[in-house]
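Peer 1: Throw the hints in and build the complete structure from the sequences for me.
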Amino acid sequence: AAFAPGDVLLRVPEPLLLTVDQAARRPDVADALQRARSSGVSTNDGNLALALYLAGGDADCFWSPYRRALGGVDHLPLFWPAADVALLAGSPLAEDVAARKDDVTATASALGLDDGFAVAEAHVLSRAFEFDRGKRRAMVPFADLLNTNRHQDRHVDFEYEGDAFVMRAIRSGVVGDEVTDSYGPKSNARYLLNYGFALEDNNDEAGRSRDDACLDVALPEHLRAARGHAWLPGCPALRIRVVSGDDAA
689 AAFAPGDVLL RVPEPLLLTV DQAARRPDVA DALQRARSSG VSTNDGNLAL
739 ALYLAGGDAD CFWSPYRRAL GGVDHLPLFW PAADVALLAG SPLAEDVAAR
789 KDDVTATASA LGLDDGFAVA EAHVLSRAFE FDRGKRRAMV PFADLLNTNR
839 HQDRHVDFEY EGDAFVMRAI RSGVVGDEVT DSYGPKSNAR YLLNYGFALE
889 DNNDEAGRSR DDACLDVALP EHLRAARGHA WLPGCPALRI RVVSGDDAA
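Residues 689 to 937, numbered by our numbering, are exactly what the sequence shown covers, in order.
No wet-lab data here; the hints were simulated from the structure. From the three backbone atoms N, C-alpha and C, an ideal C-beta is built for every residue, glycine too. Misleading hints may appear alongside valid ones.
Estimated spans, in silico, between C-beta atoms of each pair [stated by the list, open to error]:
| hint | residue 1 | residue 2 | range |
| --- | --- | --- | --- |
| 1 | PHE830 | ASP889 | 25 to 31 angstroms |
| 2 | ALA787 | GLU866 | 31 to 37 angstroms |
| 3 | ALA852 | ALA770 | 43 to 49 angstroms |
| 4 | ARG859 | SER726 | 45 to 51 angstroms |
| 5 | LEU887 | ASP803 | 28 to 34 angstroms |
| 6 | ASP716 | HIS763 | 26 to 32 angstroms |
| 7 | ALA787 | GLU847 | 29 to 35 angstroms |
Peer 2: Structure, rendered in structure tokens:
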């Protein structure tokens, strides 16, 4: 059916949401988190990832079917073969991938979990919703299937209303239109790290785009005195910013 701004396009009742509070009430989740904290390891509020991980091994768990439906993570750099990760060498993303691997490995070790925890963590990072001005976080079945769009071109906004997660239209649509969400203004490096894709023409709205690289070019001694007012006094190198994109100069 056609829809107009303000129309409710999706309502997911609270009992169907996997929230941080619900996850923390599970004894196995609470015990595992406490063990990690006792070891001095930050769990990054890993209640949701833990709950998803534990649901995968418990066929009777309410969340087990949802966990199985989330699919694979091979498209994420964290799970790429070593040969593919090597293609990122020299980029900031390569450092981010390595740091993410170290963080997840340390958390899983502190919790006494296997590699399946990294998969659950990846699902949370790529699918969880934050609302109520960042105060609440949840896995929302069905809503997490929506594709992203540029923030200004998205079809919906979402919020927690009463006892349900609600998506409302912010623009009109007709039968056959794809309804899109926004994953937020991000650089392609962040999109690739967390979601496994990059946008063909992406200009990050949230500050400096990470789709660029800074090159420090060493200057010969005889040129340092002529470095110009834009260079830092005493700096022996010229920093050049190279920005990717069709309109980059």
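Peer 1: Output the numbers, in ascending order, of every earlier hint that fails for this structure.
Peer 2: The structure breaks none of the hints.
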